[in-house]
Amino acid sequence: MVDPSDLRSVASSLFSAEPTRPAPVDEGGAASRERTADGYAMTYEWTDRAGREWRLEFRLERSAYRQAVDETHGYLSGFEAAKASGHAERLTDLLADASVTDDRAHRSLPESVRFEGAIGLVHSLEYVTDAESTGLPDYIRTVEETLVDGRGDCEDLTYLLAGMLSQPAFGYRTAVGVLPGHMLAAVHQDDLPGAYADAPTLPGDTYVAVECTTSRPIGDFRDEPVLAVYGDGIEYIDRSAIADAGRGFLRDPTQFQTIADASELRQH
Numbered sequence: 002m003v004d005p006s007d008l009r010s011v012a013s014s015l016f017s018a019e020p021t022r023p024a025p026v027d028e029g030g031a032a033s034r035e036r037t038a039d040g041y042a043m044t045y046e047w048t049d050r051a052g053r054e055w056r057l058e059f060r061l062e063r064s065a066y067r068q069a070v071d072e073t074h075g076y077l078s079g080f081e082a083a084k085a086s087g088h089a090e091r092l093t094d095l096l097a098d099a100s101v102t103d104d105r106a107h108r109s110l111p112e113s114v115r116f117e118g119a120i121g122l123v124h125s126l127e128y129v130t131d132a133e134s135t136g137l138p139d140y141i142r143t144v145e146e147t148l149v150d151g152r153g154d155c156e157d158l159t160y161l162l163a164g165m166l167s168q169p170a171f172g173y174r175t176a177v178g179v180l181p182g183h184m185l186a187a188v189h190q191d192d193l194p195g196a197y198a199d200a201p202t203l204p205g206d207t208y209v210a211v212e213c214t215t216s217r218p219i220g221d222f223r224d225e226p227v228l229a230v231y232g233d234g235i236e237y238i239d240r241s242a243i244a245d246a247g248r249g250f251l252r253d254p255t256q257f258q259t260i261a262d263a264s265e266l267r268q269h
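Taking this note's numbering, the leading residue of the sequence shown gets 2, the next gets one more, and so forth.
Just so you know, these hints were derived from the structure itself, not from any lab. Every residue gets a Cβ at the ideal spot worked out from N, C-alpha and C, and that includes glycine. One or more hints might be untrue.
Per label pair, the in silico range of CB-to-CB distance [stated by the list, open to error]:
1. D98 with E225: 34 to 42 Å
2. P226 with E62: 22 to 30 Å
3. D221 with R56: 26 to 34 Å
4. G136 with R240: 33 to 41 Å
Please put together the full structure from these sequences, using the hints given.
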């Protein structure tokens, strides 16, 4: 029998090392970065699913990036930190006035357009595994790191989108869906723009899935069991599916810890 507390200790020791400077940004990608006297000047250019072309400029102080690197988060605390991120709020405010090819006027964009713009921005960032980008088996980026690095894995991109959609410019109730070896963002069904009113919900019938690594229709996600949906606490947890996936989680202590933590919260 493996004690979950032992797994948490192993995970903590394995993942204590952290990157100290931004990862390289690929030339020709959606994100470009210039180093300034006190930080980083980011430019993001992308095309959303409706074919609208976007361009957004965003600056982040070097001290803020270093502070973000020094933060240590688990899967659930990483989500909570993203929702509270002041940089996610500032990015979302800028998105409202970002230039798009079919609307050059400086006016507030319709909610549905901003929603697709936020999703498009996240989809445009490079998907990269933690092993490839950090040399670590698992590493949870903050919103600030993902923005400056211009890349991330499914958790990092999910936190970025959920962080943006949680800000006052949208005011959505957000959640994360946990699948075997995967994570996706989710939005409360009642908060979505009217065009998505009929989108299918995740188990629990409250949240609608938004994939952050692939461009799927809103509500559609890869065909694997949903183990848990974490919004304002645990909204749904499938204990039978967790048991079926247990062997895989034991190979990855941080994934196991995600569900263990969720189970503990559920009991309270």
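Holds or violated: the 22 to 30 Å window for the beta-carbon distance between P226 and E62? 42 Å, violated
Exercise for the section: Confirm or reject the claim that G136 and R240 have a C-beta distance inside 33 to 41 Å. Expected result: 34 Å Cβ-Cβ, so the 33 to 41 Å window holds.
Range hint 34 to 42 Å: satisfied by the CB atoms of D98 and E225? Hint holds: Cβ distance 38 Å, inside 34 to 42 Å.
Is 26 to 34 Å right for how far apart the beta carbons of D221 and R56 are? 28 Å, holds
Violation of the numbered hints given earlier is confined to hint 2; every other hint is satisfied by the structure.
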